[in-house]
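K.L.:
Chains as they are written, first to last, in the working numbering: chain R, 796 to 1241; chain F, 796 to 1241.
Don't take every hint at face value.
Which copy is meant is left open, because identical chains are indistinguishable; a pair holds if it fits in one copy or across any two.
Below, simulated DSS-like cross-link-like pairs (lysine-lysine); rule was C-alpha separation at most 25 Å, straight line [to be verified]:
#1 1014 / 847
#2 1065 / 1148
#3 816 / 1014
#4 1074 / 1148
#5 915 / 953
#6 847 / 950
#7 1167 / 816
#8 915 / 966
#9 876 / 1205
#10 955 / 804
Bear in mind the hints are in silico, worked out from the structure with no lab data behind them.
Protein chains: 2
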Amino acid sequence: MLDFENLSKLLEENKYKEFMKEFDDINAIDAAEFLSQVEPSILPKVFRLLKKDTAAEIFPELDPEIQEHIISAITDFEISKLVDELFIDDTVDMLEELPANVVNRILHAASVETRAEINKFLKYPPNSAGSVMTPELVSIHASMSVSEAIERIRKTGKEKETIYVVYVTNKARVLKGFIELRDLIFSPQDELIENIMDTSIISAQTLDDKETAVSLISKYDLLALPVVDTENRLVGIVTVDDALDVMEEAATEDIEIMAAISPTDKPYLKTGVLQLWLKRIPWLMLLLISSTFTGSIITHYEAALGSVVILTAFIPVLMGTGGNAGGQASATIIRGLSLGEIRMGNIFRIVWKELRISVLCGISLSVVIFAKAMLIDRTSTMIALVVAISLLITVILAKFVGCTLPILAKRVGFDPAVMASPFITTIVDALSLLIYFQIASYILQI
Amino acid sequence: MLDFENLSKLLEENKYKEFMKEFDDINAIDAAEFLSQVEPSILPKVFRLLKKDTAAEIFPELDPEIQEHIISAITDFEISKLVDELFIDDTVDMLEELPANVVNRILHAASVETRAEINKFLKYPPNSAGSVMTPELVSIHASMSVSEAIERIRKTGKEKETIYVVYVTNKARVLKGFIELRDLIFSPQDELIENIMDTSIISAQTLDDKETAVSLISKYDLLALPVVDTENRLVGIVTVDDALDVMEEAATEDIEIMAAISPTDKPYLKTGVLQLWLKRIPWLMLLLISSTFTGSIITHYEAALGSVVILTAFIPVLMGTGGNAGGQASATIIRGLSLGEIRMGNIFRIVWKELRISVLCGISLSVVIFAKAMLIDRTSTMIALVVAISLLITVILAKFVGCTLPILAKRVGFDPAVMASPFITTIVDALSLLIYFQIASYILQI
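Please put together the full structure from these sequences, using the hints given.
P.N.:
Below is the structure:
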């Protein structure tokens, strides 16, 4: 663990030289964490002390509020130095979070080339591969020898996001192949790149969905994924560390949507109460209104319920179990779709599988509830039978609804994660009550 | 996309030479996918055609059934060659999936050193950092010069899992620092390693939880994480590609547990019906039994319900909304705990935040249900009031239960994901009914 206290003390006592000595050893992530809790008034001063490249490493890791605070306190010239030092993808990420006036000031301060580059990247849609790539890559030509390629890496690689994979392009910048630095190191120095480069290229297009793009990095264990335009010209790369972030975000988004929350992009503790309320209330309201239909089913069978009140006692069991059984199926399918393990074409296999699982689950649960009704609740055999049969049918229907709706949602272009437990439960609640009352009126003749 | 059809045709026509020419260009992942759908009878033959190192790359990517099939068809000598070529971590992963007799045959065929190494790795607990690390890393000494270090990488790095980060150890193998290959390449060739190595080491211990370990890789954007034993001796590394797999698995596990499913480690379509049933039924059974308590609350208030049957119509609304509101809070907290954004110490801040959100949500929902009861269901003002007040209190309690239980579960050493929607819903169902009937008997004097 880092000695944050000691660092703070050095700052308080104005021992900047010693502070810089200690601070210089820290990695960018921990350094940003430390700066986040430094007194805001002295923050710009501390930031100014940092070396240019250290500052550029730390800056993208800071919270937007802190970035804004620093930007507002430093000169345009300092901003321009900072932005020219940052990786383009980090700058673009940052600009997307900052308020418009700050963004304008940064763009204004940046050099002409940097500004043009930033503007190009800001144009990619937020969920595209283009929006997470960086143009800072090393490219070589197929006609180079290994030693020439290594020389080129030495000359041009210093400011690049990675040098461990270099890309082979022709004069029109069309991607022809790639080679890992490790292969360059273990190959004879006079070997030609064209003889040893890998031509089975895995790549994404700028407008591809970013989650699909990063799934290639995880599937093929890549250090970086090349991103090309429609004419197959290399325009950027997505590195594995950015892929990790995208994957983490995607899983969080899935979990939030599955819990009926509109996805947030900020950590919980940093999100305001009103914002959190806004992310949750539309779904709660929608589900509330849907559940009133379930209520009206009860109203409809009011007479039956009045005559056999014990029936009401099993409503929570039926609704609860139905919701849980459907939720299991939908969560499994949603995750499978996210990971690409399940495709639209698998729908019949899935339904057949879930049907068998649901019969097994339904029978096991029905036997237990029948025994419980007879032995503990001491209901009549007929009522126990009504409950058991209803439960069996509810479980089968719940699993069917749970496994088909996510696939159908994807089919019509919705996020399958919407069809998770809350929605499935609401639908299954209504279905289970309908089944229950129908079977009750039939068997009990009410 | 790959031309699987053409490859199959070449095989069918026994054109092995042409087949090998085409097949050699394919990456290991796609090659494994192709082999998975080759006729099992000719599979061992095809596998034998592969070059030694190609075979070793493809083998770990195959399904356990196919691995077993190949192992059973090749000689002990061939097994020994294959295993010596595999990375230790891949071998260990593989052995964990194969049946005991196959494992024994593999261990028997392996060279003495490989077998000793494998056995050492098999001893790490399944969820430990040790179980996902590989010993195949490059280590150097602090007294080397840059050019000596690069020379050592050239000599020893070829079979290592990565050469992009090399580790500085002393004679006792204690980890002293690390350096990236890129820094070696951009440094003066006669510079000493001790002057340029990075000593702010981020590392894990062999027995650390593997998810905690890989979260360091994602937090600090590492290419590999060094793993040390209790005496700080370097014993292995976890590379970023393995971290991606662990993260993906961890997210899947969270989602499964949150949906009341015991986690599986196989893709859905490859898991049998009975296995899936076994993963789901214990939770359904447990939740079924819990929900019968909710049922007995209804039985307890049977008299009240009999006199004002319209009360029953609002049960689904109350139970459903309570479950959804609680599920939102618990999903948010569970994910925050998983990502390390939320810690035990935040509990009071979280409860205070959720309290305010729940009051906002509760009031919005109560107003709507009050209006609905009055205007659409045309209930008496008193009944509408009972429903609205019950809903407000239910939502507040649900969010409280939803945000505290995951943290408390973690506190006592359970997986917080258990405290997701299904459990929260079951608890909130009972609570909401108790509140509802209490308020009803008080206000309606029944």
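K.L.:
Are the hints correct? Go through all of them and say.
P.N.:
These are the hints, each one checked on the structure:
Within a single copy, residue 1014 and residue 847 get their C-alpha atoms only as close as 37 Å, which misses the 25 Å cut-off; across copies the closest is 23 Å, which meets it. Taking CA atoms no more than 25 Å apart as the test, residue 1065 paired with residue 1148 passes between copies only; the shortest distance there is 11 Å, against 43 Å inside one copy. Taking the closest pair of Cα atoms, residue 816 and residue 1014 come within 25 Å of each other only across two copies (24 Å); inside a single copy the shortest separation is 42 Å, beyond that limit. Only between protomers do residue 1074 and residue 1148 lie at most 25 Å apart by alpha-carbon distance; the minimum there is 14 Å, versus 35 Å within a single protomer.
Taking the shortest Cα distances, residue 915 and residue 953 sit within 25 Å of each other inside one copy (23 Å), while across copies they are farther apart (40 Å). When the C-alpha separation of residue 847 and residue 950 is checked against a cutoff of 25 Å, the pair qualifies only within one copy, where the shortest distance is 20 Å, while the shortest distance between copies is 37 Å. When the C-alpha separation of residue 1167 and residue 816 is checked against a cutoff of 25 Å, the pair qualifies neither within a copy, at 72 Å, nor between copies, at 67 Å. With identical chains, the CA atoms of residue 915 and residue 966 are at most 25 Å apart within one copy only, with a shortest distance of 22 Å there and 52 Å across copies.
Taking identical chains as interchangeable, the C-alpha atoms of residue 876 and residue 1205 are never at most 25 Å apart, the minima being 46 Å within one chain and 46 Å between chains. In this homomeric assembly, residue 955 and residue 804 never come within 25 Å of each other (Cα to Cα): the closest approach is 36 Å inside a single copy and 44 Å across copies.
Violation of the numbered hints given earlier is confined to hints 7, 9, 10; the remaining hints are satisfied by the structure.
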